[in-house]
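Engineer: Which chain is which? The protein sequence lines are D and L, in order. Note that our numbering gives residue 217 to position 199 of the first sequence, counting from 1, and the numbers run on in steps of one. Note that our numbering gives residue 217 to position 199 of the second sequence, counting from 1, and the numbers run on in steps of one.
Hints are computed from structural coordinates only; laboratory data are not their basis. Where is the CB? At the ideal position from N, CA and C, for every residue including glycine. Be a bit skeptical, because a hint or two may be false.
Below 35 angstroms or equal to it, Euclidean Cα-Cα: the simulated DSBU-like pairs (lysine-lysine) are [what the hints assert, rightly or not]:
1. Lys124/D with Lys242/D
2. Lys136/D with Lys242/L
3. Lys50/D with Lys50/L
4. Lys136/L with Lys57/D
5. Lys57/D with Lys92/D
6. Lys136/D with Lys50/L
In silico negatives: residues of chain D with every beta carbon more than 12 angstroms from chain L [what the hints assert, rightly or not]:
7. Arg26
8. Val41
9. His74
10. Trp93
11. Asn98
12. Ser111
13. Arg137
14. Arg138
15. Arg143
16. Glu236
17. Ala253
There are 2 protein chains.
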Amino acid sequence: MRMKAVIRYDGTHFSGYQIQPNVRTVQEELEKVLQKIHKGQFVRVHASGRTDQGVHAMGQVIHFDTDLSIPTEKWEQALNTMLPADIEVLQVSNVYDHFHARYDVKEKEYRYIIVQGKRRDLFRRHYVYCTPHQLDVKAMQEACHILEGTHDFSSFCGSNNNQQDDKVRTITEAWIDRDEDEFIFRVRGTGFLYNMVRIIVGTLLEIGRGERLPEELETILQVKNRIYAGDTAPAQGLYLWEVFYE
Amino acid sequence: MRMKAVIRYDGTHFSGYQIQPNVRTVQEELEKVLQKIHKGQFVRVHASGRTDQGVHAMGQVIHFDTDLSIPTEKWEQALNTMLPADIEVLQVSNVYDHFHARYDVKEKEYRYIIVQGKRRDLFRRHYVYCTPHQLDVKAMQEACHILEGTHDFSSFCGSNNNQQDDKVRTITEAWIDRDEDEFIFRVRGTGFLYNMVRIIVGTLLEIGRGERLPEELETILQVKNRIYAGDTAPAQGLYLWEVFYE
Numbered sequence: 019m020r021m022k023a024v025i026r027y028d029g030t031h032f033s034g035y036q037i038q039p040n041v042r043t044v045q046e047e048l049e050k051v052l053q054k055i056h057k058g059q060f061v062r063v064h065a066s067g068r069t070d071q072g073v074h075a076m077g078q079v080i081h082f083d084t085d086l087s088i089p090t091e092k093w094e095q096a097l098n099t100m101l102p103a104d105i106e107v108l109q110v111s112n113v114y115d116h117f118h119a120r121y122d123v124k125e126k127e128y129r130y131i132i133v134q135g136k137r138r139d140l141f142r143r144h145y146v147y148c149t150p151h152q153l154d155v156k157a158m159q160e161a162c163h164i165l166e167g168t169h170d171f172s173s174f175c176g177s178n179n180n181q182q183d184d185k186v187r188t189i190t191e192a193w194i195d196r197d198e199d200e201f202i203f204r205v206r207g208t209g210f211l212y213n214m215v216r217i218i219v220g221t222l223l224e225i226g227r228g229e230r231l232p233e234e235l236e237t238i239l240q241v242k243n244r245i246y247a248g249d250t251a252p253a254q255g256l257y258l259w260e261v262f263y264e
Numbered sequence: 019m020r021m022k023a024v025i026r027y028d029g030t031h032f033s034g035y036q037i038q039p040n041v042r043t044v045q046e047e048l049e050k051v052l053q054k055i056h057k058g059q060f061v062r063v064h065a066s067g068r069t070d071q072g073v074h075a076m077g078q079v080i081h082f083d084t085d086l087s088i089p090t091e092k093w094e095q096a097l098n099t100m101l102p103a104d105i106e107v108l109q110v111s112n113v114y115d116h117f118h119a120r121y122d123v124k125e126k127e128y129r130y131i132i133v134q135g136k137r138r139d140l141f142r143r144h145y146v147y148c149t150p151h152q153l154d155v156k157a158m159q160e161a162c163h164i165l166e167g168t169h170d171f172s173s174f175c176g177s178n179n180n181q182q183d184d185k186v187r188t189i190t191e192a193w194i195d196r197d198e199d200e201f202i203f204r205v206r207g208t209g210f211l212y213n214m215v216r217i218i219v220g221t222l223l224e225i226g227r228g229e230r231l232p233e234e235l236e237t238i239l240q241v242k243n244r245i246y247a248g249d250t251a252p253a254q255g256l257y258l259w260e261v262f263y264e
């Protein structure tokens, strides 16, 4: 029986989603708990994709297979009782046998939270990116508009992912909202390259500070070279917000 | 030269304010940094009072003595550069030689944040207290009113502090505000007993849930016995908000 679960996690104390030796990862915590529930039998967990160290998730999706006949509400309860305080299962459902959390993704939404203020907010230091600079939200909105559509995003791809040949991706929606001192960047697309959202945010910040014009984004896309985009924005402001399936 | 500083800290990863062997405390971090600034010479830090493990501060006040002639803005900078990310100095000023951060306190304000919701907010688990119960804010407000004034608060004193004989304290203001699902309890007074605010909040929660009537607070005050008050509310919702001097 294949189970799908929507989970959220605080990425602060994880070395990312994906399992790796000698560090704490979300995947390992999930698999450890499932192994306990299955009385020692290993259960592989598949996610919609990985998230990096310090990146949070509000709606990560995973799937796993089980022989146990536990009602879905009990699954949620059992997992939440056994999982550490920084991972939470929001919903568990029974899906058809060919559902795949990664291969069946239709779109993903990420959000990035920026707080503008002279002082960084001590209590949100792991959850937002603080900047002392004034940001021109209108210029940033213009830039968002240029990002929408199908483009080769080579300029917005971190160097860890050189093996990926095709860097054409489609952003269906990109926009930025301002609520007093808080700026929320939301981006929805069919696929994202390594560090793509964080490099986009780093570039938007330069535009917001007036160091670049919004239309420079067009040139940056055209040159297909990482060095022309802005810095990679820090991990702690980024959230994998929602994963969409058919 | 005596310096006064207003500081804030995230209490999550501290075993409280006061220095103790083998655990991480706010006082030790402050004294370590001051010792470095004074080239190895120990500098004692005095605070307005201690805070317990997990309790936060938005406006704790400390004082220390120094021979160094550093301008006040440089003090702020130097301290913030060297302090860990969960302590921040908001303001440093030069005060008269007899100022004392603890003895000269006129009033203190504490706040306690409660969030009502079916699910606890994963990202605020260290910063608020989450309850799934509906709370009657009007009943809680009535109870706050009863607390105001000068009373013997023996019923609201944690057992760690039995050596304190006089348990008469004055609460100058106690009120609770609701903002959607968030309840903020604010209390201002000339002095507080050990765990007093958390026991008051625990009792207010019972009143908010309808398990007790607001007027029972009068009886609880009269009996002067800790067992008649509510549970001690968890540390993570509590903030030492502001300390007032002459």
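Engineer: Please settle this one: Arg138/D was flagged as non-interface, so is its CB more than 12 angstroms from every CB on chain L?
Structural biologist: violated, 8 angstroms
Engineer: Is it correct that the beta-carbon of Trp93/D has no partner in chain L closer than or equal to 12 angstroms?
Structural biologist: holds, 16 angstroms
Engineer: Given the hint that Lys57/D pairs with Lys92/D, test it: the Cα-Cα distance must not exceed 35 angstroms.
Structural biologist: holds, 17 angstroms
Engineer: Take the C-alpha atoms of Lys136/D and Lys50/L, compute the straight-line distance between them, and say whether it is at most 35 angstroms.
Structural biologist: holds, 27 angstroms
Engineer: Just want to verify: Ala253/D was marked as not at the interface with chain L; is every Cβ pair farther apart than 12 angstroms?
Structural biologist: holds, 15 angstroms
Engineer: Between Lys136/D and Lys242/L, is the straight-line Cα distance small enough, at 35 angstroms or below?
Structural biologist: violated, 47 angstroms
Engineer: Could you check that no beta carbon of chain L comes within 12 angstroms of the beta carbon of Glu236/D?
Structural biologist: holds, 36 angstroms
Engineer: Would you check the hint for Lys136/L and Lys57/D, treating anything up to 35 angstroms between C-alpha atoms as holding?
Structural biologist: holds, 30 angstroms
Engineer: Over 12 angstroms from every CB of chain L: does Asn98/D meet that, or does the non-interface label fail?
Structural biologist: For Asn98/D, whose nearest Cβ neighbour in chain L is about 10 angstroms away, the distance does not exceed 12 angstroms, so it is violated.
Engineer: Lys124/D and Lys242/D: Cα distance at most 35 angstroms?
Structural biologist: holds, 25 angstroms
Engineer: Decide, holds or violated, for the assertion that all CB atoms of chain L are farther than 12 angstroms from the CB of Arg26/D.
Structural biologist: violated, 6 angstroms
Engineer: Please confirm whether Arg137/D is truly not at the interface, meaning its C-beta sits more than 12 angstroms away from all C-beta atoms of chain L.
Structural biologist: violated, 8 angstroms
Hints 2, 3, 7, 9, 11, 13, 14 and 15 from the earlier list are contradicted by this structure; the remaining hints agree with it.
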